[in-house]
Amino acid sequence: MRIASILFSSLLLLAAFGATAQDGEKLFKQNCATCHLASDKALIGPGLAGIEDRAPSREWIVGWVQNPDGMIASGDAYANTIKEFSPTAMTAFGYLEEGDIHAILDYIAHPPAPKEVAVEAAAGPVEGESGSLDENTLRNVLLAIAGLLLVLVVILSSVRKSLTSLLSEKTGETAPEELGAWGSITNWLNMNRGWTGVILLVATLAFLRWGVIELMEIGVYQGYKPEQPIAFSHKIHAGQNGINCVYCHTSAEKGKTAGIPSLNVCMNCHSYVSEGPSGTVEIAKIYAALDYNPETKVYGDSPKAIEWVRVHNLPDLAYFNHSQHVVVGKIECQKCHGAVEEMGVAEQHSPLTMGWCVDCHRTTSVQVANNEYYEDLHERTPAWHDGNPVTVERIGGLECAKCHY
Amino acid sequence: MNKALKYNISLVGAAMFCMVMLISSCTTDPNSPGVEYMPDMYRSPSYETYSANPVFKDSMTAQLPVAGTITRGEWPATASIVNALPYAYPNNLDGYIAAGEEVKSPIQKTETTSAEGKAIYEKMCMHCHGKEGQGDGQLIETGKFPPPPAYNGPALKELPEGKMFHTITYGKGLMGSHASQLTKEERWKVIHYIQELQKL
Chain A
78 MRIASILFSS LLLLAAFGAT AQDGEKLFKQ NCATCHLASD KALIGPGLAG
128 IEDRAPSREW IVGWVQNPDG MIASGDAYAN TIKEFSPTAM TAFGYLEEGD
178 IHAILDYIAH PPAPKEVAVE AAAGPVEGES GSLDENTLRN VLLAIAGLLL
228 VLVVILSSVR KSLTSLLSEK TGETAPEELG AWGSITNWLN MNRGWTGVIL
278 LVATLAFLRW GVIELMEIGV YQGYKPEQPI AFSHKIHAGQ NGINCVYCHT
328 SAEKGKTAGI PSLNVCMNCH SYVSEGPSGT VEIAKIYAAL DYNPETKVYG
378 DSPKAIEWVR VHNLPDLAYF NHSQHVVVGK IECQKCHGAV EEMGVAEQHS
428 PLTMGWCVDC HRTTSVQVAN NEYYEDLHER TPAWHDGNPV TVERIGGLEC
478 AKCHY
Chain B
455 MNKALKYNIS LVGAAMFCMV MLISSCTTDP NSPGVEYMPD MYRSPSYETY
505 SANPVFKDSM TAQLPVAGTI TRGEWPATAS IVNALPYAYP NNLDGYIAAG
555 EEVKSPIQKT ETTSAEGKAI YEKMCMHCHG KEGQGDGQLI ETGKFPPPPA
605 YNGPALKELP EGKMFHTITY GKGLMGSHAS QLTKEERWKV IHYIQELQKL
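Residue numbers (this note's numbering), protein chains in the order written: chain A, 78 to 482; chain B, 455 to 654.
Quick caveat, the hints were computed from the structure, so don't treat them as lab data.
Where a beta carbon is used, it is the ideal one built from N, C-alpha and C, also for glycine.
Among the hints, a few may not be true.
[Stated by the list, open to error] Label-pair ranges, simulated between beta-carbon atoms:
| no. | chain 1 | residue 1 | chain 2 | residue 2 | range |
| --- | --- | --- | --- | --- | --- |
| 1 | B | T637 | A | N157 | 34 to 40 Å |
| 2 | A | R135 | B | Q592 | 25 to 31 Å |
| 3 | B | I524 | A | T430 | 49 to 55 Å |
| 4 | A | G377 | B | P608 | 49 to 55 Å |
| 5 | A | A258 | B | S513 | 32 to 38 Å |
| 6 | A | A478 | B | T566 | 31 to 37 Å |
[Claimed, not checked] Covered by chain A, per the in silico footprint, the following chain B stretches (three or more residues, Cβ under 8 Å):
| no. | stretch |
| --- | --- |
| 7 | 591 to 597 |
| 8 | 639 to 650 |
Using the sequences and the hints, build the whole thing.
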């Protein structure tokens, strides 16, 4: 009976405690997690594990959280020491009540057991190679068929050989002279001159056609999908995380090139996110290049450049400007670059040939409406409003010197 | 006899066709850009924006501007000369507090500026801060990154514009500096839109 009551009361206690810790977790995530971890690892602010051993008292913590600036100004010794931790100031959380702060502290002191942490990391897509996988299977199937056919040829010819020898044995005739594979082919070609001509013609035409196709591909990078020094996935960043293209490729709206983001842009997120679906290896390459120590959060003084492999490359004889197309032309990135947000490895989607440029300039209507760049032009040239769409070609988009000068 | 030969030849032909298909599919190596005619037209001997460069110590052509450089045309002609100067508040607590009290938007807030700010916000901020600034952007929803506080929540509802500018410029908490991605003018336009979100 007594044991039962002790059990019951401890259960009650546990339940009560659990509730505050749960509230504490929620409050912690909403208010503190942007700068603090509940472990002893530092983020922007210090790790909060063991804070009650370090700080003078719980009351002091409450006061600090509600008004850190006031504590510093009052000349409190401990407040002025921890102020030096980081150049970033701690926000005043005046709206957090004493009870809230106690709940947060309870949560930090007794965090619930971590659950389902490693699951998501493993579930992330690592392949990103579905296209080439299909190509490989196709190749394997063709290889198998070719092998099968060759085996069939060998078997059939040996069957024929044994049948002829059987026949000659039965009839007593001397076996006809064995011609061999090449001999039998030339023999057949000799006997069927007409068919030989047709075959030769077809073969020549096929060869020429194949040659033309191959020649047209010279200098065309379409489908070029080089391996990069860091296995960066647009599928994760632009697709799953919903980060806009120009967040990283800022200069697409401002300059000629779309821009390779400098590493400080990576660090906007990766100062916190140090582990991706393939583990810490790839992200550690950013830290290595920056000479950054993720433990101490300190940058060294010998950063190196990351040598990304250029995917899209126009020859020097052609001028192309991103901002002109993105801002003035209001063209979606995907129109030329394809569904990059689904690409595990960045790939050249369009041929980027002159014919491809010219086709688009002939068919694309200029977006004159609500486009201040064209307002003036639009007003000055009313004669154009003949009902036909104003294509890029009609405003000079096919002039040689637009792109070649 | 002849028939068997014919059969044989068509088989050989089919096998050869398969081999040709095979060889042609082998040439699509994703790591190779393919054959180039006049490669020096593609791989410029002059230094391009992102090419390696032996002239500089860090081997990059893309160099940072000298500290304190004022970008040409960064400020509209209407803005005062004070705003053309580099941002003078240091990246520390004192700078943050001082910016909150002293820094004011040099651009008149209008419907146009906050509409432009909205367009910038949706590209540069929304994936974390969320469509309506509730700290529930798509990246946050994946659980990979802790949520930022809501603009209309108790922490940020009364945040002065100077502190916002300071935060976008230097970063605060887990938010990094966005000075390399947004010009000062763009930062102020975004702030104009965030002030709308604070009122929600």
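Now the hints, each set against the structure:
no.: 1; hint: B:T637 - A:N157: 34 to 40 Å; result: holds, 37 Å
no.: 2; hint: A:R135 - B:Q592: 25 to 31 Å; result: violated, 38 Å
no.: 3; hint: B:I524 - A:T430: 49 to 55 Å; result: violated, 41 Å
no.: 4; hint: A:G377 - B:P608: 49 to 55 Å; result: violated, 39 Å
no.: 5; hint: A:A258 - B:S513: 32 to 38 Å; result: violated, 60 Å
no.: 6; hint: A:A478 - B:T566: 31 to 37 Å; result: holds, 35 Å
no.: 7; hint: 591 to 597; result: holds (count 5)
no.: 8; hint: 639 to 650; result: violated (count 0)
Hints 2, 3, 4, 5 and 8 from the list above are not met by this structure, while the remaining hints are.
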